[in-house]
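Let chain V serve as the given structure and place chains Z, F and L on it in line with the hints.
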Amino acid sequence: MSIIEQVHQRFRGGLALPKHKELTRGKPILEAPIPPELIIPLRQHVGESAAVTVHVGQYVRRGEQIGRATDFLSAAVHASSSGRIIAIEDRVTPHPSGRKEPCVVIATDGEDASQGLPPWPNFHSLEHSTLRNRLRQCGVVGLGGAAFPTAAKLTYSPRRSIHTLILNAVECEPYLTCDESLLLERPQEILNGLEIMRHILQVPTAVIAIGENMSASLASLKEAIDAFSSQHVRIVVVPSLYPAGSEHQLVQMITGQEVPSGGLPSDLGVVTQNVATAAAVYRAVILGEPLTSRVVTITGQGITQPHNLRVRIGTPIQYLLDFCGGAVGSNHLVIMGGPMMGFALPNVASPVVKATNCLLMPGADELPGRGAAQPCIRCGFCVDACPVGLLPQQLYWHARANDLEAVQEHHLFDCIECGCCATVCPSQIPLVQYYRQAKREVAVHEQRREQATLARERYEHRLTRLGQQADTNLSQLTRLAASALDSPGDDFDFSADELQTAEITVKQAAIQAALDRVQAKKQATLSSPANDGNDGESS
Amino acid sequence: MVTSLSSLFLGGALANSVLLYQLVGWDTLLTAPRQRRLVQWVAAGVGVMLIIGAAMAWLLDHWLLAPWGVQALRLPVFALLVGALAPVCKTLLLRRQGPGTSLLREAYPQLVFLDTFLLTNGAVLAVIWVNADIDLGFFASISYAAGSATGLFLVLMGTAALGERLRVADVPVVFRGLPILLITIGLMSLGLLGLSGFINH
Amino acid sequence: MKLSIASAPFIRPTMQVSWVMRQVLLALVPAILINTLFFGPGVILNILLACLVAVSCEAIALKLRDRPIVATLNDSSALLAGVLLGLAMPPLSPWWLTALGAAFALIVAKHLYGGLGYNPFNPAMAGYAALLTSFPSLMKQWPTPGAELPGVGDTLHHFIFGRLMDNRLIDLISSATVLDHTKSQLALHYTWSELSGETLYGMLGGAGWQWVALAYLAGGLYLLAVRIIDWRIPTTVLAALATLALFFHLVDSDHYPGPIFHLFSGAAMIGAFFIATDPVSAATTPKGRLIYGASIGILIYLIRTFGGYPDGVAFAVLILNAAVPVIDRHTQPRVYGHDRN
Amino acid sequence: MSILIAILLLALLAAAAAGGLAMATSSQSRDKAILTQQVDAVLPQTQCTRCGFSGCLPYAKAIVEGLADINRCPPGGEATIAELALLLGKPVKPLALDCLPMAPGVAGIIEELCIGCARCIKVCPVDAIIGAPRQMHTVIKSACTGCELCLPVCPTDCIVMYTAPLLTTLQPGQSASTISAGLSP
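Line by line, the protein sequences are chains V, Z, F and L. Take the first sequence: its position 318, counting from 1, is numbered 318 in the numbering used here, and each next residue is one higher. Take the second sequence: its position 167, counting from 1, is numbered 167 in the numbering used here, and each next residue is one higher. Take the third sequence: its position 245, counting from 1, is numbered 245 in the numbering used here, and each next residue is one higher. Take the fourth sequence: its position 144, counting from 1, is numbered 144 in the numbering used here, and each next residue is one higher.
No lab work stands behind these hints, which were simulated from the structure alone. Predicted model, so just to flag it, every value in this text is computed and none were measured. For every residue, glycine included, the Cβ atom is placed at its ideal position computed from N, Cα and C. Certain hints may be false.
[As the list claims (entries may be wrong)] Distance condition first, Cα-Cα at most 16 Å in a straight line; then the derived EDC-like pairs of lysine to aspartate or glutamate:
1. Lys93/L with Glu78/L
2. Lys141/L with Glu450/V
3. Lys90/L with Glu164/Z
4. Lys287/F with Asp384/V
5. Lys90/L with Asp27/Z
6. Lys183/F with Asp254/F
[Claimed, not checked] Facing chain L, from chain Z, some residues (calculated, C-beta under 10 Å):
7. Thr31
8. Leu60
9. Leu64
10. Leu65
11. Trp68
12. Val70
13. Ala72
14. Leu73
15. Pro76
16. Val77
17. Ala79
18. Leu80
19. Val82
20. Gly83
21. Ala84
22. Pro87
[Stated by the list, open to error] Chain L is faced by these chain Z residues, among others (derived, beta-carbon under 10 Å):
23. Leu81
24. Leu85
25. Gly177
One chain only, chain V, in its complex shape:
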């Protein structure tokens, strides 16, 4: 019988948010129809983009690879349905800036003929590296929202002894029910997937962390575990406090240790995986089916019929919204992800990608946006809310002052952008936006530093090559400083336009001379190929 424990040790800060899950809770997962046109971006994961392995006009079947993984940290991309490839071009992809990225566009023919890989039902006998290659080949990535290539995450190496595998079924973000519905309808797939991952990592027991308020899913999971009669699974119920589902907070609650700053949970010997990822692992290994579809929650009072849909990767979002009855009212916010960490889509022509777990269309007054930001009164509500123990008001203060040094002193890069601080800020300041911007500026600053060091090395190398010394002794400096001040004086005797015309004439003459020489040389080589043309360049 699986042992169920209740975790009492909470993490710091966090918010008890209203769940708003009743719109799609308990609804069965419907199969979304196949759209006429599929837009599949080549980069749907963290790491290098996949390399195209097909050409325009080629007929592909569902599950056929259209982009192979180029690197350890990369994942393959597959056709989500059968059809002919009509274009490989830059198309709008789901990103806050609405930028375009290379995509493969498939005109579906509706037959949905599929082509999978050989199924491996008894995976226990297989080597963990072969299983990992299968996962990379099937393009399995983390479906919790980070889209981190699963094969990379499950890298087993004796040096990093992994002793705990956590299945993250907490789903603490409001409105989202995709994990929950998957738990209700297909617990066996999830448990099999978990078993495969446990085998790959050679971990004694796996832990399933589930939120307090997900009683129905807990019941169905318990039944499946009894049927599955596996001794290696432990269920842990965690408080349904946002952001309990965040990897760092989950690891802290279950193992009591904190992931070192800038490090990964694997440094503590812990790996976390999402519920949907486990299902995808099951399909990839046991059924031999690459990742071509995923469960997406379409919810919010702004959509006519909210649903949990199993959607083909690459389905345009507009198509999905029309399938769910279209929007209620006109002016709308379409959020990809939850209300806390999702982002507003600037363009609904973009497709559903592997990381899309929810499309939220709030009603007119359901999620009233923040009012005009007022100055920060340093009240400290955000300090109590921050699960990482940062000082959001000091980070905001230094980010506004563009003081990159102080911002990093206050540990900006430990911020997990969970949104708790901006949600409790009485001055309604979009704090997370400031931190994203500050992180960006630090990255630009770092890059400038790198380029400057490179340039300095090349400059010094050139000086040593030419045998010169950077003229830094005092006498030359004064000469240079003096000359720098009055240098523009001497050639100003001519008037500006005289100089202009002189310059142009000189240039034209030089070009003409050069072209003539080239012409002459051509004649010479035509007449006597043996001429070696070493008449020396009169520079």
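Chains Z, F and L only, in chain V's frame:
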């Protein structure tokens, strides 16, 4: 005896602090906010100079000037004393940080200018002069100097941190920079006025 | 379909700045009532005038800097500063004194730094300290609580013309505050046991003053219950004040009044719950607030016992406001994934 | 008699003061070398000589010697001036008038016009241009600092500055170092 020493210390530090009450050494105070990384070392440097200066000044006064009755030479002698002390204190501060390389030097490059800071600081000369005037004895002058040093350290640190915070405040353009800094120091000394009356000597 | 763009998180915060300030004003209402009960209608006049001057100065400042006037005014932070200053002023002080204090508070201590959120010093206390240091005699004239108080007509007449209806000067009926009286008597080597027997002293603190302090305490507890102010600051202020008072009282009970007296007299309660907890000028880090509160408590006691002024709340808060940037920089909490560095 | 002693005393103290100052100046040269390194670390290293000095290191030395002001570096712009002001505790000033502001850019050669005269190779401070005499020349994108020194010397004016967005788009999880400066004329 002890209470008078402690009251001298508290007086120097809080009540009639050299900077805010006797309005001396303001050049360091006004440049402090720009020296974000240097201000602790300037304050520590001036503190060390104050204490050593007070001690040596008393010795000079009593063993050299008094026997030969040349107290009139106090000002030049003290000025030269400060002149000699400034670089000594700076090298003292830096050397103390361990053998060759000092963490201090790599971290705070402006230390090149530190001795000019200590030299031009008026507070040191003022304290020495006041000590020579009230002439309560060796330990009294040391405690007064130590009090002034801590008072100066607190005010400099406070001003530097406040100045850094003002850099971001949405101050009207006319008041940006020095004016708002002066107003802030004014309000701070308004608070310190409350501590007057500690010393009834 | 027209798509609108916003940045995450999309949930609107429940508390607004204006709501926070109004809750503080609400918590001050019992204190205002009890103050008028003991010190006459002058308190109400002072508060009204201070608020009027505060709001108009803020409006002028915003107009000069062409900022949205109505939007900023309705965050009622100027009102709060006005009420606090009005409560701190002696009830029978002339109108120009309160007006000057409010103007100084709002213009110099707040809007020169850029308005709400940027002022390092608590505006009300800056104004009060400025008045205390420039008009010490006028600020010392408090009517004895509970004694025969001038009627409304008298107060109004005095408010405008500076003397009572039958043009008697007010010195006849006013005397020093209980703290002032204690300090001067103790200086004359009366023992505390003799003193505390007099009519001026009530069961807890000064005769009328103890009820005023209790009203502030009630308001403060309400704010703690509604989680608007941080518990760290008031508890450490009162704790530091009480422990120091207890220590000195145990050492020499004749010359140093007990902790209860110190807590329930003078401006200790209003200082702990309403002035030191002004979020803009207080420390923001949890540990920093403990240090900030404790230092304020200690300074209050030092100024009351050894300093020149009867009550040191205003000065203690101003000094610690100056130290806030240093405190905040050195008391950062331990961040997830970092060891104690 | 006391005058003599007074003079003697003053001479003694003056000597002490002079000794102290001498000690200071000796350690000063070493400090200045370190400070020069720190100032040089702040400068953008474009080696464009627009500050009036032959490179960034000479300009850094001049700043520490007090010969040059901190606002003469156009490629660095306000960011460098702000950092220098913070580093040296000097007030922030706008860019000097005789230093024209300069947008970050990368040089590119129009291949039709290049006659292979190799003049640009001689002036490029960071050896970012490769090519043999009378052969086609090209600019190494990642090495070019955008100093525009090669523009005036080119006889056929075939070098053009491309405004290079330093950071195209920071992909999630991608660190700054893996970004190459994309080219967009």
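Structure-based check of each hint:
In summary, the hint linking Lys93/L to Glu78/L is supported, as the alpha carbons are separated by about 9 Å, within the 16 Å threshold. A distance of roughly 15 Å separates the Cα atoms of Lys141/L and Glu450/V; the hinted pair therefore holds under the 16 Å criterion. For the suggested pair Lys90/L and Glu164/Z, the alpha carbons sit about 14 Å apart, so the restraint of at most 16 Å is met. At most 16 Å may separate the alpha-carbon atoms for a hinted pair to count; Lys287/F and Asp384/V meet this at roughly 12 Å.
For the proposed pair Lys90/L and Asp27/Z, the alpha carbon gap of about 14 Å is at most 16 Å, so the pair holds. Proposed proximity of Lys183/F and Asp254/F is supported: the alpha carbons are some 13 Å apart, at most 16 Å. Satisfaction of the interface hint for Thr31/Z is found here, the shortest Cβ-Cβ separation to chain L being roughly 7 Å, below the 10 Å cut-off. Interface hint at Leu60/Z: satisfied, since its Cβ lies 8 Å from the closest Cβ of chain L, which is below the 10 Å cut-off.
At a threshold of 10 Å, the smallest CB-CB gap from Leu64/Z to chain L is about 6 Å, leaving the interface hint in force. Hint status for Leu65/Z: holds, given a least beta-carbon distance of 8 Å to chain L, under 10 Å. For Trp68/Z, the shortest C-beta to C-beta distance to chain L is roughly 5 Å, which falls under 10 Å, so the interface hint holds. At about 5 Å, the closest approach between the beta carbon of Val70/Z and any beta carbon in chain L falls short of 10 Å, and the interface hint on this residue holds.
The criterion of a C-beta within 10 Å of any C-beta in chain L is met by Ala72/Z, whose closest approach is roughly 8 Å, and the hint holds. Given hint, Leu73/Z at the interface with chain L, holds; its Cβ is 6 Å from that chain's nearest Cβ, closer than 10 Å. With 10 Å as the threshold, the beta carbon of Pro76/Z comes within range of chain L, its nearest partner Cβ sitting at about 7 Å, so the hint holds. With its C-beta approaching chain L no nearer than about 6 Å, Val77/Z sits inside the 10 Å limit, and its interface hint holds.
Among the interface hints, the one on Ala79/Z holds; its C-beta lies about 9 Å from the nearest C-beta in chain L, closer than the 10 Å criterion. With 10 Å as the threshold, the beta carbon of Leu80/Z comes within range of chain L, its nearest partner Cβ sitting at about 4 Å, so the hint holds. Taken as an interface hint, Val82/Z checks out: its beta carbon lies about 9 Å from the nearest beta carbon of chain L, inside 10 Å. For Gly83/Z, the interface hint holds, the least distance from its beta-carbon to any beta-carbon of chain L being 4 Å, beneath 10 Å.
A cut of 10 Å between beta carbons decides the hint on Ala84/Z: the least distance to chain L is about 4 Å, and the hint holds. Using the Cβ-Cβ criterion of 10 Å, the hint placing Pro87/Z at the interface with chain L is satisfied: the shortest such distance is roughly 3 Å. A hinted interface residue such as Leu81/Z counts as satisfied when its beta carbon comes closer than 10 Å to some beta carbon of chain L; here the least separation is about 7 Å, so the hint holds. A hinted interface residue such as Leu85/Z counts as satisfied when its beta carbon comes closer than 10 Å to some beta carbon of chain L; here the least separation is about 7 Å, so the hint holds.
Look at Gly177/Z: its Cβ gets to within about 8 Å of chain L, closer than 10 Å, so that hint holds up.
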